[in-house]
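Using the sequences and the hints, build the whole thing.
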Amino acid sequence: MSLRAASTSASTSASASTSAAAPAPAPTRAEATPPPPSSSSSSSSSSKSSSEEPYHPRFLNAVESASSTPRKSNLSNLAALRASLFGTTYNPQNVRTGAKFLRKPLVGPRMVEYYPPTLKLSEVRRFLLDGRRLAGLGSMEDRYAAGVVASRMVYTPEELQRLEDVKRRKALGKGPPKKGEGRRAAMKNKTGKK
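Residue numbers (our numbering): 29 to 222.
Because the hints were derived from the structure by calculation, they are not lab data.
Computed beta-carbon distance windows for the label pairs:
id, residue 1, residue 2, range
1, Tyr118, Thr184, 46 to 52 Å
2, Pro185, Lys207, 28 to 34 Å
3, Ala90, Leu130, 39 to 45 Å
4, Leu130, Glu186, 31 to 37 Å
5, Pro133, Glu92, 46 to 52 Å
6, Glu141, Gly210, 32 to 38 Å
Here are the computed lysine-lysine pairs in the PhoX-like style, where the Cα-Cα straight-line distance is at most 25 Å:
id, residue 1, residue 2
7, Lys195, Lys206
8, Lys202, Lys216
9, Lys218, Lys206
10, Lys207, Lys218
Where a beta carbon is used, it is the ideal one built from N, C-alpha and C, also for glycine.
This is how it looks when you write it as C-alpha cells:
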C-alpha cells in the first residue's frame, strides 16, 4: 500500500509541476471578470465580488463581436461607404465593367504623332524633292515656297541625318550594293557555273 500511495503522490506532484509550467487555460466568462471598482472598503468589496457580475454586459458583447467575423451586410455597407469616399465604383456582384480598358490612356494621339503628315498631291506636283525646277514653277518665289513645303513634310531632322549618313557611307564605299551584285547574287552565280 505504501508503494501505491507513493506512486499516486508522485503523479500528483508531477501533474502539479506540469500545470505550473504549462500556460493556464483561458478563463471562462465568470472567472475572467475582475470586480468593478467600488467606493466601499476592501473587506466589503471582496464579499460582493463573488455575488455580482464584474463586467458590464455591453463590454462583453463588444468583446465577443470584435473577436467574431463581421456579417456580410456590414461588409457590403463598408464597401459602399469606401467606394463613395474614394471615388471608386461599388460593384458588389463583381460584374465585368471594362474599367481596366477605360483607364488606359488613349492610343489615338500617339498614332497621329507616329505617322508622318500626309502629302497633298497638289503640293507634291509643284516641286521635286531635290529642288529642281519643274515646268509649272516659273519664278524663284514658287520654287522657294515648294522647298519650304517639302522641308516641312519630308525632311525632318531625323530624315536629314539619315540621308547624311547614307552619303557618308557611300563615299567610304560601304553603301548597299547594286542589284545583282550582292551576296545572294554571288552565291547564285557560283552554283550556276558548276
